[in-house]
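Residue numbers (full-length UniProt numbering), protein chains in the order written: chain X, 1 to 373; chain Y, 1 to 373; chain C, 1 to 373; chain E, 1 to 373.
One should not assume that every hint holds.
Given that identical chains are not distinguished, each listed pair holds provided it fits within a single copy or across any two copies.
When the alpha-carbon atoms are kept at most 27 Å apart in a straight line, the in silico DSSO-like pairs for lysine-lysine are as follows [to be verified]:
(1) 216 - 140
(2) 216 - 231
(3) 140 - 231
(4) 288 - 140
(5) 260 - 124
Bear in mind the hints are in silico, worked out from the structure with no lab data behind them. Computed from a predicted structure; not experimentally measured.
Protein chains: 4
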Amino acid sequence: MRREIGVAVIGTGFMGRAHALAYRAVPNAFPNSLRPRLVAVADVSEAGAQQAAEHFGFERATTDWRTLLDDPGVQVISITTPCSLHREMALAAIAAGKHVHCEKPIAPSAADAFEMMEAAETAKVVTQVGYNYIKNPVLKLAREMIASGELGEITSFRGVHAEDYMADPEIPYGWRVDPQNGAGALAEIGNHIVGMSRFLLGAVTQVNAQLETVNKTRPVAPGSSERREVKVDDIARLMVTFERGCSGSIEANWAATGRKMQLEFEVYGTKGALCFSQERFNELQYFKAGGEPRTSGFTRIEAGPAHPPYENFTVAGGHQLGFNDLKTIEMAEFIAAIEHGTPTFPDFREAWEIQRIVDAAIRSSAQGQRITL
Amino acid sequence: MRREIGVAVIGTGFMGRAHALAYRAVPNAFPNSLRPRLVAVADVSEAGAQQAAEHFGFERATTDWRTLLDDPGVQVISITTPCSLHREMALAAIAAGKHVHCEKPIAPSAADAFEMMEAAETAKVVTQVGYNYIKNPVLKLAREMIASGELGEITSFRGVHAEDYMADPEIPYGWRVDPQNGAGALAEIGNHIVGMSRFLLGAVTQVNAQLETVNKTRPVAPGSSERREVKVDDIARLMVTFERGCSGSIEANWAATGRKMQLEFEVYGTKGALCFSQERFNELQYFKAGGEPRTSGFTRIEAGPAHPPYENFTVAGGHQLGFNDLKTIEMAEFIAAIEHGTPTFPDFREAWEIQRIVDAAIRSSAQGQRITL
Amino acid sequence: MRREIGVAVIGTGFMGRAHALAYRAVPNAFPNSLRPRLVAVADVSEAGAQQAAEHFGFERATTDWRTLLDDPGVQVISITTPCSLHREMALAAIAAGKHVHCEKPIAPSAADAFEMMEAAETAKVVTQVGYNYIKNPVLKLAREMIASGELGEITSFRGVHAEDYMADPEIPYGWRVDPQNGAGALAEIGNHIVGMSRFLLGAVTQVNAQLETVNKTRPVAPGSSERREVKVDDIARLMVTFERGCSGSIEANWAATGRKMQLEFEVYGTKGALCFSQERFNELQYFKAGGEPRTSGFTRIEAGPAHPPYENFTVAGGHQLGFNDLKTIEMAEFIAAIEHGTPTFPDFREAWEIQRIVDAAIRSSAQGQRITL
Amino acid sequence: MRREIGVAVIGTGFMGRAHALAYRAVPNAFPNSLRPRLVAVADVSEAGAQQAAEHFGFERATTDWRTLLDDPGVQVISITTPCSLHREMALAAIAAGKHVHCEKPIAPSAADAFEMMEAAETAKVVTQVGYNYIKNPVLKLAREMIASGELGEITSFRGVHAEDYMADPEIPYGWRVDPQNGAGALAEIGNHIVGMSRFLLGAVTQVNAQLETVNKTRPVAPGSSERREVKVDDIARLMVTFERGCSGSIEANWAATGRKMQLEFEVYGTKGALCFSQERFNELQYFKAGGEPRTSGFTRIEAGPAHPPYENFTVAGGHQLGFNDLKTIEMAEFIAAIEHGTPTFPDFREAWEIQRIVDAAIRSSAQGQRITL
């Protein structure tokens, strides 16, 4: 019988569901993994918790997430609640000796993230934060190509994460634009591309940013004529310098009409270049310098068995992974780190590093000057 | 407690694994579905069966698939063995009153498929065949647009399924090229695009085909200098006429160097056109006739919540489904048909219809003339 | 002073204009070329002829093309009139010792084309036919890669030329659908892709074709309720065998809603593959077999100085040629052939070969059987 | 006889040749235009001047550009020399009452550009500067859609011009990196995307920029071990604010390995979005907000007769313009402005505006702060 690990999930929304689904899928795709046992699910709504338990096979449902802390069957707690609740829940879970997975952004501020990270490192629990897109096999390839020097010395990075779900000015004021929730396009989606830039290129040492609120007011409720001022950014633009010496630009934009998932980057090096778009995330474009000009160009690499852990999902190239598969890889790596004591990524420390860049960008924009981290 | 349905899977290869994974995923994505209970897995190899049971959580493993027939806990049997075994297994399962899912091609010949279909229809069991690609939400959209008349009268179809996994002439002679297994590019992958053409446009009434063997001999074993003659096609080209009045072309090719999953079609109608490629299967290209010329063109529709059942997997557009998700939809629809008595698709009858076209193409090629079905 | 060659153009429509423009552009792009002197332009309409003379700088205009025959200043005659007039004009021009450029299709039938070819070869005048698309630098590269063996043994060809300019059933009956003009989608645009297949792969030895008339009647005049039966094809599909041993498919379609210039092909060989689309004709997709799987894929080659004669137009890669530039290359090669006695391509012999395939396809479709050429 | 206008070109390099070619092509494509008479060509090299005269049909060649000033047959002077010479030549030509076309960048500094602009406006001569890419019919469409409000209120702009021709650190120190020539990636190619942003969205009011030299030294001569420090930028990144209220980012990069012509932008508005890439410059991607979600997406508009002046080059859609055609449109518009007294674009004033942004970016980068224009 495969050994198990007890898992509890707090929250049953988009991400709560994605976590449950991913934990269930881990043993299928990763046969040597500990098998996540879905011990408990917590939600403020009793109906929500019950329904999630039923759908995903959690053994019990609760409206009191604190009951998970004392449950000896729970070794892992996944936090998928709004950002403003992360700190309290994570600190409690860590104090109870649980390994913690927390959705991104980990906290509304770098200070909170730092406190959470310190607690986790002191307690020596394993942590992970939900930057799922970097779990993509072709992005592991991208990172490896950069790290191995196949692209030569990196000279430039261009990244963007643009969607349109907040483009409509009539979307009411809510948690998405509440600064207490780590809100704003940069904090909510921009941290994906900020994290991706770190994943690929390492530490950022300087930020020069401008944040902008396009929809300056929003109705207090759907259809209401009363409007409330929005203080967080709809668009953020950053010019960044990496410790390795190169520089780059990053944009976050949740008001980009027509865009559903424009999470893209281009990396240029002295020996090659890579281009990626989450809109076609089973592909990576690669230019290798020095080839015969008559047949040179960007090569469209399709994800396949040569790109671990693609093969854990399907043995044949061209079949493609979906978003939920990325989440499954994320959970499998998290559990492997718990079992084997290997480092996980991105952990709370990494999330804090990302949040530091977000915070620095907000300050840079407000102060009108470059910020050195 | 959600009601369950007992499932057994025969075979633990690429597709056996895909079935197990899909059955497990059904209740997550389709919360109102009966929950598949993985009762048993059968494989000729005891180790294979045991391992599959362990990985996927089947309650028992067996090397004797016939033991599934008497098991009252098994209501559904999935057959994922080589094609030459399908008939025997399916007939036995049907005789035992089981609902049957069978991988494609259902049988090496239309005659066999017909026998299987008749048995299933007489026994009134529910059947389904693994044409997974048409479970794609954007292909459901395509079919709906054609059926509703949004494309006007259809004038032309162009379809292809090309891969390269048999391009290398040094791949040894094996079951893939053994005529007993429904072998050949047309029978093995071409039936996907044949089935897709029927899914979109309905019945085919005439076939004019040419089949060709590119790699005329293969080594009898890896590296062997002894070679055996290959009698099945590497490339098949069909010109087809549809009952609805339009015509089209279809190509199957498993020696198309560089292609991993070129399953593509273009449909032209008097009011619009659609283009699809499995290489980017979360997209559908749509041209709507009659628009202002200055802003007309093909529109790249990205799969999203407007395309059921995309939302069962993720609530946000642009996140993308993967191959395994298509398989999950397939299984969910199969189980829904069992529960509700609704028609399923593609069932054994449909698989027989597809096989009839394959057989007609083989005859057309051999006889050098058009065949009317 | 650069030496000149006297040119006359018959016809002032789309192609007449394109010829005039191209002749004028030749010396700019090809500085070592004879300079075409635009001696005369002929058109049935006096106004048309006068206007063309004015626009393009022809020294004289005439409504009687026969006056060109005796003009000692005219060494080259370009025929851009409707197809049904080509034979008479070409034979007269040849008889007068002129070098002849004729637009495609060269004649409504292979028999006519043969007569024209024989006359030209006997008279030893230089001929060329307007298959302009193959003058593309990246297609010269494609041909070279195939000829040199870089793609290995060719196994498969798939070609299409689809546009939508005849999709509307209310376009009146006119010369485009008059069989006397070499009409039909295959004869009018399909010959481009037929010619391209020969350009790349050489002689075709067998044809199995089905032609279809989608719009079976057309109004006799715009808006008229009286309709006339259309006897030529809107769609033609061919399965062809090449002398070199491989086979392929070809489609011509002028009723493909939404398509403006879908002139495309894919060529597969044992060592690589090429894909091309005229919709993006400054690019060629190339897959090279045998590479490291983790970084293999189709490479998008952009036209540049490595692809002669691209550099004659602009010295920097990525700038792109336009359609008129292809026509300029065509004329430059024609003139070079006249000056240096080198072979030109495609000449009347090649046009006859193409027409033979078209004729064979028509017969194959009518007879319901494969035709050996 | 069509009326003529006498033209002289100074310089016979890449752009001198492009100008000559374009002037010659104007009357073909624009039959109502004055016909440019190629009166004279000047080059420091006598051989160069003679050869250009021969190739392009200039009536005379000279090594002394000042002789053009007194030539009453010359009404227009095109300046295609290195940037450091533009000011002197343009001022002299203006003083002589000539209309002046000058290649971009117009001058190494905004101050020089201002002086040139003032002189031209005082003398009331017509001026134009070679920002050829915006002459693209689909960019005229883009501008029109923005101006007409079809995209709603514009919220965001993202632009880049990246090439790789200076990526190699062994390219010797030369005029391209000499600050006297308006050198640097921003000044040399970045001004194209800066100008495009103004063409589409109007005036820029604030710039926050960071410029970077990737290749900090270059050999003094090919292969030399002696190296000289490079002071101009290889990469420039700008965050800009437009007078209309929206903001955007701009990148210039001439060290982007693999890129030949990545001149791209994306514009987002409340009612739609546009994306463009010079790599496929006969296309424009358009998203129209408010459509039915199930069929919405970005539409690929192909250049055609609906996009003036496309039809001046070829009457059928999908045929595509090339780079030299853009240059022809540029010259035709310049000549039309001379003939009809209509405004031309971009004139010296516009070039000065562009140069002001370039200068502001350089200052912003040096000072580490945002610059208000």
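- Message: Reference check for the pair residue 216 and residue 140, CA-CA at most 27 Å: within, between, both, or neither?
- Response: neither (39 Å within a copy, 31 Å between copies)
- Query: Between the shortest in-copy and the shortest cross-copy C-alpha distance, which are at most 27 Å for residue 288 and residue 140: within, between, both, or neither?
  - Reply: both (18 Å within a copy, 23 Å between copies)
- Message: Checking an output row: residue 140 and residue 231, CA cutoff 27 Å. Within, between, both or neither?
- Response: neither (36 Å within a copy, 37 Å between copies)
- Message: Please sort residue 260 with residue 124 into within, between, both or neither, judging by C-alpha distance up to 27 Å.
- Response: neither (38 Å within a copy, 45 Å between copies)
- Is it within, between, both or neither when you check residue 216 against residue 231 at 27 Å Cα-Cα? For residue 216 and residue 231, the Cα distance is within 27 Å only inside one copy (7 Å; across copies 42 Å).
Of the numbered hints given earlier, the model fails hints 1, 3, 5; all others are met.
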